[in-house]
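Fit chain B to the supplied structure of chain A, relying on the hints for placement.
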Amino acid sequence: MPSNLIETHLLGGGSVANIALRDIEKKFGETPVLNRVSLTIRNGEFVTLVGPSGCGKSTLLRIMAGLEAADRGQVLIDGRDVSDVRPAERNLAMVFQSYALYPHLSVAENMMTPLRMRDLSSVERLPILGPLLSRKRHHAMRLQADTIADTLKISQLMDRKPGQLSGGQRQRVALGRAMVRNPVAFLMDEPLSNLDAALRVHMRAELSELHRRLKTTFVYVTHDQAEALTMSDRMAVMMHGDILQVGAPDEIYANPDTLEVARFIGSPSINVVPGEADSSGKIDVMGVSVPATTAGVRQAVMVGLRPEHLSLHAAGRLSGIVRHRENLGADIFLHLEVQGTQNPLVLRAAPNEASRIGLGEAVAFDFDPTDMIVFAADGTRLRASTPAREVA
Amino acid sequence: MGSQRAHLWFIGPALILMVIILLIPIVIAMGLSLTDYSLGNQGAAFVGLENYERIFTRSTYEKMFVATFRYVFVVVPLTVGLGLGAALLIHSLGRIGDLYKTIYFLPVMAALIAMAIVWEFAFHPTIGVINSTLERGCGSFLEAWHWYAKGCARTFPLWLNDREYAIWTVSFIGVWQGFGFNMVLYLAGLTSIPAQLYDAAEMDGATRGWDRFRLVTWPLLGPTTVFVVTISFIRSFQVFDMVEAFYPQGGGPSKSVYVMMFAIYEKGIQQNLMGIGAAITVVFLGFVMVLTLIQRRLVERRTHYV
Numbered sequence: 001m002p003s004n005l006i007e008t009h010l011l012g013g014g015s016v017a018n019i020a021l022r023d024i025e026k027k028f029g030e031t032p033v034l035n036r037v038s039l040t041i042r043n044g045e046f047v048t049l050v051g052p053s054g055c056g057k058s059t060l061l062r063i064m065a066g067l068e069a070a071d072r073g074q075v076l077i078d079g080r081d082v083s084d085v086r087p088a089e090r091n092l093a094m095v096f097q098s099y100a101l102y103p104h105l106s107v108a109e110n111m112m113t114p115l116r117m118r119d120l121s122s123v124e125r126l127p128i129l130g131p132l133l134s135r136k137r138h139h140a141m142r143l144q145a146d147t148i149a150d151t152l153k154i155s156q157l158m159d160r161k162p163g164q165l166s167g168g169q170r171q172r173v174a175l176g177r178a179m180v181r182n183p184v185a186f187l188m189d190e191p192l193s194n195l196d197a198a199l200r201v202h203m204r205a206e207l208s209e210l211h212r213r214l215k216t217t218f219v220y221v222t223h224d225q226a227e228a229l230t231m232s233d234r235m236a237v238m239m240h241g242d243i244l245q246v247g248a249p250d251e252i253y254a255n256p257d258t259l260e261v262a263r264f265i266g267s268p269s270i271n272v273v274p275g276e277a278d279s280s281g282k283i284d285v286m287g288v289s290v291p292a293t294t295a296g297v298r299q300a301v302m303v304g305l306r307p308e309h310l311s312l313h314a315a316g317r318l319s320g321i322v323r324h325r326e327n328l329g330a331d332i333f334l335h336l337e338v339q340g341t342q343n344p345l346v347l348r349a350a351p352n353e354a355s356r357i358g359l360g361e362a363v364a365f366d367f368d369p370t371d372m373i374v375f376a377a378d379g380t381r382l383r384a385s386t387p388a389r390e391v392a
Numbered sequence: 001m002g003s004q005r006a007h008l009w010f011i012g013p014a015l016i017l018m019v020i021i022l023l024i025p026i027v028i029a030m031g032l033s034l035t036d037y038s039l040g041n042q043g044a045a046f047v048g049l050e051n052y053e054r055i056f057t058r059s060t061y062e063k064m065f066v067a068t069f070r071y072v073f074v075v076v077p078l079t080v081g082l083g084l085g086a087a088l089l090i091h092s093l094g095r096i097g098d099l100y101k102t103i104y105f106l107p108v109m110a111a112l113i114a115m116a117i118v119w120e121f122a123f124h125p126t127i128g129v130i131n132s133t134l135e136r137g138c139g140s141f142l143e144a145w146h147w148y149a150k151g152c153a154r155t156f157p158l159w160l161n162d163r164e165y166a167i168w169t170v171s172f173i174g175v176w177q178g179f180g181f182n183m184v185l186y187l188a189g190l191t192s193i194p195a196q197l198y199d200a201a202e203m204d205g206a207t208r209g210w211d212r213f214r215l216v217t218w219p220l221l222g223p224t225t226v227f228v229v230t231i232s233f234i235r236s237f238q239v240f241d242m243v244e245a246f247y248p249q250g251g252g253p254s255k256s257v258y259v260m261m262f263a264i265y266e267k268g269i270q271q272n273l274m275g276i277g278a279a280i281t282v283v284f285l286g287f288v289m290v291l292t293l294i295q296r297r298l299v300e301r302r303t304h305y306v
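Going down the list, the sequences are from chains A and B. For the first sequence, the residue numbers in my numbering are 1 to 392. For the second sequence, the residue numbers in my numbering are 1 to 306.
For reference, chain A alone in the conformation it holds in the complex (with noise of 0.2 Å):
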């Protein structure tokens, strides 16, 4: 298949196969961490895993990287197994949480390291020796540095030390060391977590303005959904060792496989309350009965609707009392108290229409029955299968 392989290569498309992770493995003693996980990533795609803490999402970035070692399953990079391979030999570049920087080292040669490590022999890389007797590669590595730096405005920069820096800076140079050397992808582990709010913010666009610029394969780890929404072209839901749902972002907000995927994904998070559905079709939910597409099986539903889709109605077929408010501006958060549900409801509202309600006042609501995400009491989506068969 050689010649197979240098075609797709030649061709260079999204199609091809970047990094393929197939039915990974991994205990820590005796606690599985990732259980049979395969995953396809595509050439110059921004992929975000994403989930709580503990659910292996970190430890599945180290084992693309080799840093550490799967107990089973395959890690292949360009059609290449490379389980076997040690992280350097496998040109892929890692942006750290801490980001990992050499503190002993300015700017400049903490971004020249990797060059350093890969391009000179060790003599070469003597402090004061090695300069001398490769000037010319030293010098190129210099100019390759810095060609870097302007990219990321941090020429500035150069000569100072790690320690001398903001976060935001670091963070720049962390990136800076990553791209020096044109690596087949970038892998980063919770880069952003360290900054603060608005600074993270900013960076999200910068690294989605990146990612474009620079059409390579970044992977990205994250325990934000909003990073994951706001970055990735497809995103993975990881949850204790198993991806639970791989897509793009809109997909996956819109169209979650599973109720913890639902309730991980999206902030504030999706309101669940639990529904009867009968063989007609319908769901009885909150003590009104409303038509849905999914399978007319009698059974318990849980019915998931997020705040934006509940709406305040004058007319409305629901009520609830006002039980706390969250004012963010653009938007107001109502937190009502419903009867027959036993944690409160979030209603998204615009300011002009809440802004006169007041708390314990009782507000009428309602929602578009399209906009239920039905889920089978065991957690799992039912989706609209075949048509109901007979329509009310």
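Among the hints, erroneous ones may be present.
With beta-carbon atoms standing in for the labels, derived distance ranges [to be verified]:
hint	chain 1	residue 1	chain 2	residue 2	range
1	A	226	B	103	49 to 57 Å
2	A	129	B	125	46 to 54 Å
3	B	296	A	331	52 to 60 Å
4	B	208	A	40	30 to 38 Å
5	A	121	B	218	52 to 60 Å
6	A	28	B	296	56 to 64 Å
7	A	69	B	213	21 to 29 Å
8	A	118	B	213	12 to 20 Å
9	A	163	B	105	53 to 61 Å
10	A	129	B	162	49 to 57 Å
Just so you know, the hints here were simulated from the structure itself, not pulled from any lab data. Ideal Cβ placement from N, Cα and C applies to all residues, glycine included.
Leaving out everything else, chain B in the frame of chain A:
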């Protein structure tokens, strides 16, 4: 008004204590070093720099400097090197590491004066375990080594009582005793190196152990090394108990182990020549002071990455 003097109450007690127990004794020692005072005398005559002149001209004190510097410049590099080596090895081990840690640290905890007795036995020329072990090797290929053949033909060295060997033997015991301490300091330094730096080094292409050592371990141990080296220097300059245990009568064969601390003790306490004893003390303080300054000026600036 009272509040304006409040600061005096805060710094006062510490300041007074420092002056009384640190600065005044040093000043008194300096003063004494300019006299021929001995304990019990009514008065003392001012002799100017005569004591210092003696220290830097008489052959006894030349021997003192030779012995001290030999000891220091053998013990410091070896304890630092071995301490680092042992720490790196132990750090790479799992639970067994704790066992090694305890074993290597034992000599540090043990009183050197007690250990000196054991070493005196071990180094005994005829019944000592070292020479009798060496004798077993006689007649084997080891005799190809000239030194060994000579030892077999006559006797193996009188380790502690031979002018040629005494200071090196004492240094060896000093290394044996001291490196465990440095090892513990280095272990503390090693645990504070963030693991992600090694991951980063691995990703950057530092595949060999030596590369990772050069790129991460050694530079990040910089502050520890500065501290370890300084502490080792000061501890080595202060060596005394072993010399006193081995050679209660005057500093070893031909005064070849006549280290500074022992000289201070012999002059100032045994012979009651407080003036000269104080002068040696001041010279000793000078050395330690210079070392500390070098540490602060030269190295600390480069190893603290602020």
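Quiz item: What hints, given by number in increasing order, does this structure fail?
Solution: Structure breaks hints 5, 6, 9, 10.
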